[in-house]
Amino acid sequence: MIPTPHIEAKLGEIAETVLMPGDPLRAKFIADNFLTDVKQYNSVRNMLGFTGNYKGKRVSVQGSGMGMPSIGIYSYELYNFYDVKNIIRVGTAGAISPDLKIRDLVIGMGACSDSAYAKQFDFSGTFAPIASYELLESAVNAARAKGAKFNVGNILSSDIFYGDKGIEDTLKWSTLGVLCVEMEAAALYMNAAKAKKNALCMLTISDSLVTHEKTSSDERQSSFTDMMEIALESILAL
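Plus 69 on top of the position in the sequence shown (first one is 1) and you've got our numbering.
No lab work stands behind these hints, which were simulated from the structure alone. All figures in this text were calculated on a predicted structure; none of them were measured in a lab. Be careful, since some hints might not be right.
Stated by the list, open to error - Below, simulated DSS-like cross-link-like pairs (lysine-lysine); rule was C-alpha separation at most 30 Å, straight line:
#, residue 1, residue 2
1, Lys170, Lys234
2, Lys108, Lys126
3, Lys266, Lys124
4, Lys263, Lys79
5, Lys188, Lys266
6, Lys124, Lys108
7, Lys79, Lys97
8, Lys283, Lys218
9, Lys188, Lys218
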């Protein structure tokens with residue numbers, strides 16, 4: 070089914086490794102500032118997608134939109150219709166650990182969730198969505214080579230941005246060592262597991278539910294370049 074309802078690319082126009090920010094304008098920023106020989110392959114619903122080269126490695130960058138239903142659609146189509154092997158989400162998150170500061174880098178080893186996304190698989194128990202070790206190891210090596218400060222651990226993928234229970238309910242997850250909250254990784258990890266493909270989520274802390282510090286939308290779109298560069302460097306070893 071190519072093109073899909075959401076991606077207008079032809080087969081072969083998307084690389085086997087895709088960087089996936091939530092914001093399509095962050096996808097354009099990455100393509101404009103890090104890639105060469107760039108070709109835009111998607112503009113459906115303004116969810117921009119580009120393919121280019123990074124240090125001789127072919128890579129695509131595709132917006133996912135916000136939330137698990139949205140990244141669920143785009144990652145499913147990339148894995149199952151476009152022969153994509155690896156998806157690395159490059160996104161933002163809110164810190165719930167008091168040890169995290171604004172602009173800290175988090176690599177999601179696992180993704181807890183309050184979502185019903187996993188119910189489609191009809192398990193009797195609870196599935197634990199985790200990153201692909203190959204991508205995790207490569208990202209850690211790239212971050213170390215850059216001398217970047219980073220944290221590896223469990224994150225929370227939530228369906229709720231404005232919740233009736235308030236932030237105190239979200240902060241409870243930190244008592245079990247969960248580092249931060251975002252809205253997409255668990256669905257990405259589940260889709261990758263089902264498709265027998267690879268996934269990783271790399272996050273920059275854009276705000277803190279502990280200290281109430283926050284960055285602007287412009288900063289989130291275009292200034293978290295360390296995360297972008299580490300993600301790109303990590304794919305060179307794949």
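Check your understanding: Going straight from one Cα to the other, do lysine 170 and lysine 234 come out at no more than 30 Å?
Key -> Within the cut-off at roughly 24 Å; holds.
Check your understanding: lysine 108 and lysine 126: Cα distance at most 30 Å?
Key -> 14 Å, holds
Review point. Holds or violated: lysine 124 with lysine 108, Cα cutoff 30 Å?
Key: 16 Å, holds
Check your understanding: Does the structure keep lysine 79 and lysine 97 at a Cα separation of 30 Å or less?
Key -> 19 Å, holds
Point to revise | 30 Å Cα cutoff - pair lysine 283, lysine 218 | key: 19 Å, holds
Review point. Are lysine 188 and lysine 266 close enough, with their CA atoms no more than 30 Å apart?
Key: 20 Å, holds
Practice item. Given the hint that lysine 263 pairs with lysine 79, test it: the Cα-Cα distance must not exceed 30 Å. Key: OK: lysine 263 and lysine 79 at ~24 Å, within 30 Å.
Review point. Holds or violated: are the alpha carbons of lysine 266 and lysine 124 at most 30 Å from each other?
Key: Status holds; Cα separation ~24 Å.
Practice item. Given the hint that lysine 188 pairs with lysine 218, test it: the Cα-Cα distance must not exceed 30 Å. Key: The given pair, whose Cα atoms are some 36 Å apart, is violated under the 30 Å limit.
The structure fails to meet hint 9 from the earlier list, while all remaining hints are met.
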